[in-house]
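Student: Quick note on numbering: the sequence shown equals residues -23 to -1, 1 to 95 in mature numbering (1 follows the signal peptide of the UniProt record, and there is no 0).
Hints are computed from structural coordinates only; laboratory data are not their basis.
As the structure is a computational prediction, the values presented were derived from the model and not from experiment.
By construction, the Cβ of each residue, glycine as well, lies at the ideal position given by its N, Cα and C atoms.
One or more of the hints may lead you astray.
Pair by pair, the computed Cβ-Cβ distance ranges are [said to hold, decoys possible]: (1) Glu83 / Phe10: 25 to 33 Å; (2) Glu83 / Glu9: 27 to 35 Å; (3) Asp64 / Leu28: 17 to 25 Å; (4) Ala36 / Trp82: 20 to 28 Å; (5) Ser62 / Ala4: 30 to 38 Å.
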Amino acid sequence: MKITAAALTAVAGAALATAPAQADPAAWPCVEFGFCMYAGAAGEGRRIEMLEGVSDLGAINGGLLNDNVRSVKNISGDSWCLYDSPDYENEIAVILDGMAEAVDWEKIGSKVTSAEAC
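Using the sequences plus the hints, can you model the full thing?
Tutor: Listed below in structure tokens is the structure:
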């Protein structure tokens, strides 16, 4: 698993609280050619930046984003799958390349436990 240094440090994203999630996805901080998940609804707050899948979000960055994903940005060149169980089990969403948006908290964000390119 390759995770950038920024992923291992809790960081604050740009203040975009009043803008819709799709307003300016380029402003959302994310590693080049990566997939990012954020605690804030518009690419803000604590985040994890991934170049490869993470089989258990509870085991990295203090588990801060395990079952706590409010938005995503995908500039990886591939689709990414989100799962509600460790080890890539029970797919709950597919995030297409180029997407940057808030996720449905009840159905997806409160359940994400692992993620990988798919």
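Student: If a hint holds in the structure, say so; if it does not, say that too.
Tutor: Hint-by-hint comparison with the structure:
no.	hint	verdict
1	Glu83 / Phe10: 25 to 33 Å	31 Å, holds
2	Glu83 / Glu9: 27 to 35 Å	32 Å, holds
3	Asp64 / Leu28: 17 to 25 Å	19 Å, holds
4	Ala36 / Trp82: 20 to 28 Å	22 Å, holds
5	Ser62 / Ala4: 30 to 38 Å	32 Å, holds
Going down the numbered hints, you'll see the structure goes against none, and every one checks out.
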